[in-house]
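Here are the chains, one letter per residue:
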Amino acid sequence: MRALRAWLSRFGGLFGRQRRDRELADEMESHLQMHIEDNLARGMTTAEARRQALIKLGGVEQTKESYRERRGLPFLDTLLQDIRFALRMLRKSPGFAAVAVLTLALGIGANTAIFSVVNAVLLKPLSYKDASRLVVVWENNPHHVAIHNVVSPPNFLDWRAENRVFQDMAYLADTRANLTGGDAPEQVDVQNVSANFFDVLGVKLALGHAFTAVNGRQGNDNVIVLSDRLWRDRFASDPAVVGKSIELNGKSNTIVGVAPRGFDLFIAEGSLTGAHPQLWAPFVFPPEFHDRAKVGRFFTVLARLKFGVSLMQAQTQMNVISSGLAEKYPQYDANWGATVTPLREEISGAIRPALLILFGAVGFVLIIACANVSSLQLSRAAGRKREMAVRVALGASRWRIARQLLTESVLLAATGGGLGIFLAIWGTNALLQKSPQNLLNLSSVSADPRVLAFAMGVTLFAACLFGFLPSYSTAYSQIASSLKESGRTASASEHSRTIRSALVISEIALALILLAGSALLVQSFVRLIRVNPGFDAGHLLTFKLSLPASKYKHDAACIAFYGAFLDKLRQIPGVRSVSDENLPPFSGFALMGVATGVVLPGKEALPVSERPTTAVRVVGSEYFRTMGIPLVGGRTFQPAELSTAKHVVIVNETFAKEYFPRTNPIGQKITIDMKDQNVPSEIVGVVGDVHGSDLSAAPWPTTYWPYPELAYSGMTVVVRTRVPPLSIVPAVRDALSSLDKDEPIANVATMDQLISNSVARSRFAMFLLAVLAALSLVLAAIGIYGVMSYAVAQRTNEIGIRMALGAQRGDVLRLVVGQGARLALIGVLIGAVGAFALTQLMRTLLFEVSPSDPWTFADVAILLTIVALAASYIPARRAMEVDPMVALRYE
Amino acid sequence: MTDKTSDKSNYKSGSKNDVQQGTLALMILKTLDSMGALHGYGIARRIEQTSGNLLSLNYGTLYPALLKLEQEGYIASEWGVSTNNRKAKYYKLTRAGRRQLEREAQEWEQTAAIVARFLSPEGERT
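Sequence lines, in order, name chains A and B. Read left to right, the first sequence gives residues 0 to 890 (numbering that gives the first Met the number 0). Read left to right, the second sequence gives residues 0 to 125 (numbering that gives the first Met the number 0).
Hint data in this document are derived by calculation from the structure and do not stem from the laboratory. Hints may contain errors.
Claimed, not checked - In silico lysine-lysine, BS3-like type, Cα no more than 27 Å apart, as pairs:
| # | chain 1 | residue 1 | chain 2 | residue 2 |
| --- | --- | --- | --- | --- |
| 1 | A | Lys243 | A | Lys550 |
| 2 | A | Lys123 | B | Lys86 |
| 3 | A | Lys250 | A | Lys550 |
| 4 | B | Lys29 | A | Lys63 |
| 5 | B | Lys91 | A | Lys128 |
| 6 | B | Lys91 | A | Lys63 |
| 7 | B | Lys88 | A | Lys63 |
| 8 | A | Lys55 | B | Lys86 |
| 9 | A | Lys602 | A | Lys550 |
| 10 | A | Lys63 | B | Lys86 |
| 11 | B | Lys91 | A | Lys55 |
| 12 | A | Lys668 | A | Lys293 |
Whole structure, please, built from the sequences with the hints as guidance.
Below, the structure written as structure tokens:
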């Protein structure tokens, strides 16, 4: 308390200095006078009395000085003085200040921007209660494409019954439904969940209440919870919405709650629709779900670990349980295991490697920026050598001078940092607004304490990094001797030249690493978009349609509807051909239906769990013609096969090659586990491979079934047009409402858009890394230019002498450019080694390019060397223009 | 230069060199307690006299000490006129200062007693 009071008083002592100084002087004066009077009274002479009084006091100025130190806060005092001085110095060289602040703002801003995304995606705890205990449990099978497979309902039941590691388990499965009643009909994305779903997540609803155990029973499940978005858009934020009814797929449902804003559990790996849910409905197990023979795998399973149970313990127990199930139901569960993954990893796992690489890259850019500013500071420091020497001679300690230089750097960095933070938050949000949907599952970032702390840390780091070097260099070079040296001609001390060379070399090395990384990404992106998707994507319109089961009860109704609808579409002017498919390529059903067991001729005896798998696609008439998928052998479907099930099937080339390596597949009979009655169907044709969702993934073995074989209510229509595809959308809506005015269309897009979206993430990563690499290239060029210009300025004299002694302009050019080239080559060599090591980390991001691709490395090395030579050519030109007479006379 | 640095470490509160400083503060407080309001010079003379001139005080060190005590709220100052009709700054004890004096005096006596016992040969044995 006393200390605080004293401190405050001292803080106050920083102000009103003059009045206080006057008072102190008065006090000293009266002290001396009283003492002198006493001394005189003791019989001393006037002079002696004064001398003794002064001796006894210990000097007036000394006393005042120690008094002042006690009065204010000397540290803060000098700091303020340093800041004032630094501001004055920066005002005197506005060019330097502007360049330094901008460079740092870019470096710090870019770092903060990437960090704010890293923070939001990877670091910030998920907004669920005790989110670290939430896990997703998958099935896995070494024979299957997907590492994380969705779960079969009976297995879920056994897991839940047998485990001792989870507090609770929930399931979810995405689906779509038609929302009718009220305004226009609309397709909504529904998440079918277990009744305990919200409880497992620990989410409190914004309005109403979550599902109760009662809703988990047959007959009580006609309730739903709205998402905040749907509540706002469709129900105009009606506060009394709870208790109202809506119609989903023609069935009435009561709204029991509204989820909090931003609540959105979307697990892409297990999603059947690829879309974020708009509402939640309880899903009750029908009786057949207890029978492994009747139900496949389609649940995403969410679980909450018991308190104190580790991921490892949970995994160990799930291994035991699943191997038990495999033994008990070898027909269905042999080879199937279970994988427990943290929810956080599920939500942000895919973006993680790209994000971390960007984070590293942006760190490099910062270091390059710092090196540049550092190099600028060094030039300035050399110019200010005499100033420093004078100050040292006048009694400033080296520490004091170093501190002042550091203050200048911190001031620069703080200005740059403040600007950078602003740019970062504003820029990131602008970018997120524009970035393709679902790219990051992130709509905005905020300057939360962690981001601010990071930005401040980076700023301080930057200040120390580029402030320390010049300070150190100034403090330790021979300051005193520079007074003796003639200030102008003295070559920069060997020490500072070494530092500057080292700075340029490291800038070039880092720039090379960034360039190599981004060149690799650019190359893989180019290769990626050059991949032939297997069909003609131009002029292709796609949209989804989902018929409610309440209205279209039987397959026949669906077949009739789609038949009539496609016929109507064919009459729209500008339409070339029309067809439909259940899961068309690039429609967001990442791995949906790619692993259905298939029974091949001669292998009928294999148990279900060991059967080979195929992607199952259901198509309408003219499908292959509409999509432009080439027929490789046999024939396409005949009209009769598309109106009633005739048990025929078409397979793709991969299927033919993998499962009929030595025989002709045409005429062979196969069947799939998906159908109610496994009637063997004849392969009538083989078509070209199509990339299903990802240009970088190999095509799956695929079977195409005529629509009547598996008459799904939800289909995606594909329309090949002569005109711009989106221009016919109004006509499509008219055609639909003339058949059934209650059915909406959804996900209207052109195939070009869908493909472009599928590579959006790669494009985004490539774009960002390319921007960073370009930035680093420019900064490195500026760096080398600055160093060479400075070197030329320093050597003007020497160059003049050389020319006077007969050196030709070409010799001078070689001298200067040679020096730049030497630095560039060393930097390139070091950078190449670094890049070779670091690009290995990018392996998962690359497509058909080796991380140590020699051509890429050679290209960027050449590019960087050319840029470095160009950057040193300009100062070299200046050196060539030196007039020897002028240079010498100047001496 | 060197003087300055040694001064500085003397006035740093909480460091080991405080014994001197603390003692000086205690002497100032006691002087003001027994003499009433007094100016800096008077305090310095009084301390020297009281110590029987055993203590040679550098008067200059008194002023930072006075300032510190004032900042801590133990003493207060105001300008007044001395007996010789000279303008001088007078210091006087505050209530907090009186309490502090009691506390410090007690502590000092205790410390002195303990040290005395250590230094006496009998004390070591018991």
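**Prompt:** Which of the numbered hints above does this structure break?
**Reply:** 2, 5 and 9
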